[in-house]
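Please take these sequences and the hints and turn them into a complete structure.
Going by the UniProt record's numbering, the first residue of the sequence shown is number 1, and it counts up by one from there.
Possibly wrong hints are sitting among the right ones.
Claimed, not checked - Capping the alpha-carbon separation at 30 Å, the derived lysine-lysine pairs in BS3-like fashion look like this: (1) Lys130 <-> Lys112; (2) Lys44 <-> Lys94; (3) Lys130 <-> Lys106; (4) Lys66 <-> Lys166; (5) Lys316 <-> Lys330; (6) Lys166 <-> Lys309; (7) Lys94 <-> Lys57; (8) Lys316 <-> Lys130; (9) Lys112 <-> Lys66; (10) Lys106 <-> Lys166; (11) Lys166 <-> Lys130; (12) Lys316 <-> Lys112; (13) Lys57 <-> Lys44; (14) Lys109 <-> Lys166; (15) Lys109 <-> Lys130; (16) Lys112 <-> Lys166; (17) Lys57 <-> Lys330; (18) Lys66 <-> Lys109; (19) Lys309 <-> Lys112; (20) Lys104 <-> Lys309; (21) Lys166 <-> Lys104; (22) Lys309 <-> Lys130; (23) Lys109 <-> Lys309; (24) Lys166 <-> Lys316; (25) Lys66 <-> Lys316; (26) Lys94 <-> Lys166; (27) Lys166 <-> Lys330; (28) Lys106 <-> Lys309; (29) Lys109 <-> Lys94; (30) Lys104 <-> Lys316; (31) Lys316 <-> Lys106.
These are calculated hints, taken from the structure and not from any lab test.
Since the structure is predicted, the reported quantities are computational estimates derived from the model, not experimental observations.
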Amino acid sequence: MRLYSKDGSFSDAYLVLLPAHNTESRSPSFLGRIVDPRQASLAKMSEWIGICEQSHKGVCRPLHDKSPAQSLGGMMRLIDVNQICLVIAESTTKYVTLSYCWGKTKFFKHTKGLSGRLWRPRFLSIVIDKLGQTIQDAIFLVRSLNMRYPWADSICIVQDDAEDWKQIASAMDQIYGYSTLTICAGSAGDVSEGLPRANLGSRRLIQYIERVAGLELMVVRSPENYIRVSPWNTRAWAFQERLLSRRCLIFVGNRVFFKCRRATWSEELDCEGHHPSWTLDIVGSPLKLWNEQPLRRYSDCVQMYSVRKLTFVTDKIIAFTGLGDILASKLHGPLLYCLPTAYFDWSLLWEPTMVTERIESSSGIESPS
Numbered sequence: 001m002r003l004y005s006k007d008g009s010f011s012d013a014y015l016v017l018l019p020a021h022n023t024e025s026r027s028p029s030f031l032g033r034i035v036d037p038r039q040a041s042l043a044k045m046s047e048w049i050g051i052c053e054q055s056h057k058g059v060c061r062p063l064h065d066k067s068p069a070q071s072l073g074g075m076m077r078l079i080d081v082n083q084i085c086l087v088i089a090e091s092t093t094k095y096v097t098l099s100y101c102w103g104k105t106k107f108f109k110h111t112k113g114l115s116g117r118l119w120r121p122r123f124l125s126i127v128i129d130k131l132g133q134t135i136q137d138a139i140f141l142v143r144s145l146n147m148r149y150p151w152a153d154s155i156c157i158v159q160d161d162a163e164d165w166k167q168i169a170s171a172m173d174q175i176y177g178y179s180t181l182t183i184c185a186g187s188a189g190d191v192s193e194g195l196p197r198a199n200l201g202s203r204r205l206i207q208y209i210e211r212v213a214g215l216e217l218m219v220v221r222s223p224e225n226y227i228r229v230s231p232w233n234t235r236a237w238a239f240q241e242r243l244l245s246r247r248c249l250i251f252v253g254n255r256v257f258f259k260c261r262r263a264t265w266s267e268e269l270d271c272e273g274h275h276p277s278w279t280l281d282i283v284g285s286p287l288k289l290w291n292e293q294p295l296r297r298y299s300d301c302v303q304m305y306s307v308r309k310l311t312f313v314t315d316k317i318i319a320f321t322g323l324g325d326i327l328a329s330k331l332h333g334p335l336l337y338c339l340p341t342a343y344f345d346w347s348l349l350w351e352p353t354m355v356t357e358r359i360e361s362s363s364g365i366e367s368p369s
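Below, the structure written as structure tokens:
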């Protein structure tokens, strides 16, 4: 049963039955699940990824023909969780991307002075405590899921090399769109906050259960209820990262959700399966945009992106460029300053819905106003 409010006075939720004690139900049963309040289930995460890889191949595939390793060559760096150092990606290397907030905490980053040492086996283990808790947890999670290569911007981009950053930033659509999985630190507003890990005591989850007329009922919320108010959702870069990723493990509200282009699954609801079936809906999710008419999709993307925040406001255009290229492929022409050239007159007829100010370009080139 879906509970919702037309006036938005309370967040949407589902009221689901819990299975009777000492009974087994065939999955997907669409019944609620009692989960361990102290730790996330690695087995469930692995199951979600496996189902998607096996059953959603036609839908959850890369949006590009070329891998980022083919486009960037030696600039496509990955963290090797076995050797605990940087390695160069090959065109067939499977890797996992991380989407997270840097925040204000000072943490270890890849700089020119460290470039030589980062390739030495086990070098990152020396500075592991300085990486930021989110990155540490992501490395632990990738290893625990029997994967090997995570990508995190702070380590895989040379932060004080403008040319390196520019080249890789312009390929973010390929980096996230080609990755096997994106780990999203949805609740963390700062790199120091980390993920609810799979080790004991790493989270404190409360499930709301009531017994009514002999039945046990539980409230389950969709991931968008948690994501909507998360600091991660305010990041401009995260909009592109999430929308272009094939699969996401989203850590938010002390819970883990799985989202791909075909399904949305929750720890708290038994609805996953190899065949298409009902899943938690994606109302309010950017993923619904892929089902829209191309021009409407572009318009909605611009609106959803425009309210998001950037640490460096001069990144406004480049943080949309990768997504813009995908949108442009259905708009009969390229984008110019993020405006579709095939509908240029129409795209100029906009007005702000909030107080705005001109962005000063570091290159001296002014954006259209």
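Next on the checklist: Hint compliance check: list the failing hint numbers for this structure, sorted ascending.
Outcome noted: Of the numbered hints given earlier, the structure breaks none, since each of them holds.
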